[in-house]
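Asks: Given next are the chains, with one letter for each unit.
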Amino acid sequence: MTGKHRENYNRNYLNYVNSFDPPTKHTKNCYRAFMVGGFVCCIGQFFRYMLEMLFGLSGDELAGTVSILLIFLGTFLTGLGVYDRIGRNAGAGSIVPITGFANSVASPAMEFKTEGLVYGLAAKMFTVAGPIIVYGVLAGALTGIVYYILGLFGAV
Amino acid sequence: MFAEYFEIIFMFFKAFVVGGLICTVAQVIINFTDLTAGKILVCFMLAGVALQALGVYQYLVDFAGAGATVPISGFGYLLAKGGIEGAKEGLFAAVTGPLRAASAGVTAAVIFSFLVAILFRARTKYN
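Sequence lines, in order, name chains R and G. Oh and the first sequence: position 89 is 89 in the working numbering, straight run, nothing missing. Oh and the second sequence: position 47 is 47 in the working numbering, straight run, nothing missing.
Among the clues, some could well be false.
Heads up, simulated DSSO-like pairs for lysine-lysine below, C-alpha to C-alpha not over 30 Å straight-line [unchecked claim]: (1) G/Lys88 / R/Lys25; (2) R/Lys113 / R/Lys124; (3) G/Lys14 / R/Lys25; (4) G/Lys39 / R/Lys25; (5) G/Lys14 / R/Lys124; (6) G/Lys88 / R/Lys28; (7) G/Lys39 / R/Lys113; (8) G/Lys39 / G/Lys14.
Ranges between beta-carbon positions, derived for each pair [to be verified]: (9) G/Leu119 / R/Leu152: 32 to 38 Å; (10) R/Ile149 / G/Leu35: 32 to 38 Å; (11) G/Ser103 / R/Phe55: 30 to 36 Å; (12) G/Gly90 / R/Asn18: 52 to 58 Å.
If you are wondering where the hints come from, they were derived from the structure by calculation, not from laboratory data. Cβ atoms here follow ideal geometry from the backbone N, Cα and C, with glycine treated the same way.
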């Protein structure tokens, strides 16, 4: 079989296989993502009010402490194995909030602990979250440099 | 007194709707493409950086509070905000500003993940 035919063959076969898959439940998935994502954000808002009223935090300190608490929650639930269960049903609702970022750091760290503390736990810790920090720092530094150059010309 | 309570409850409502909508957009993208969790996170973080660089995301944060800062786009917002604020001080602060602003989140993720990995064992996944 030549390349072109094989491609068609593969495509037909994949279509055939996919026709047996259960159809993706778009509405249900989106509803769950909305509810779980909204709920996590409400927990964040609750922490915000609590820290503001009880400890009088404000500004950057308040925002930072709220994310620290949420990250603690995310890693702790990952450790207990609860977060994976939530994630199976909530989809993007558990990935996109900062707790999902925490989960993506803690989960490989736990899993690869058996390969050692240096080359296992520490090295694999950022397999998923590493790209976020790489591109985040790149984009953030680029933004800073562009604003600095614009500032030299008095544009900002 | 009543107005104050109403304001707090309305703030929760706004946070719920905006945060939920950001997650729904991600879910729609996952449903119609084959992007994995890592790529979704990078895309949303970059969207947060871009929106804040254009000065839009700040309005969303003022409107929805935690609804805008808790999703990963809020992390991008923090990075861009650090860069923009650093740019007023000079080139050095412009380059170091993003990580300085995001240091709380990254440090917390490293410390708590290390402790959790030491204390807990990985469970069998029931996927």
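Asks: Which hint numbers doesn't this structure obey?
Replies: 1, 5, 6, 9 and 11
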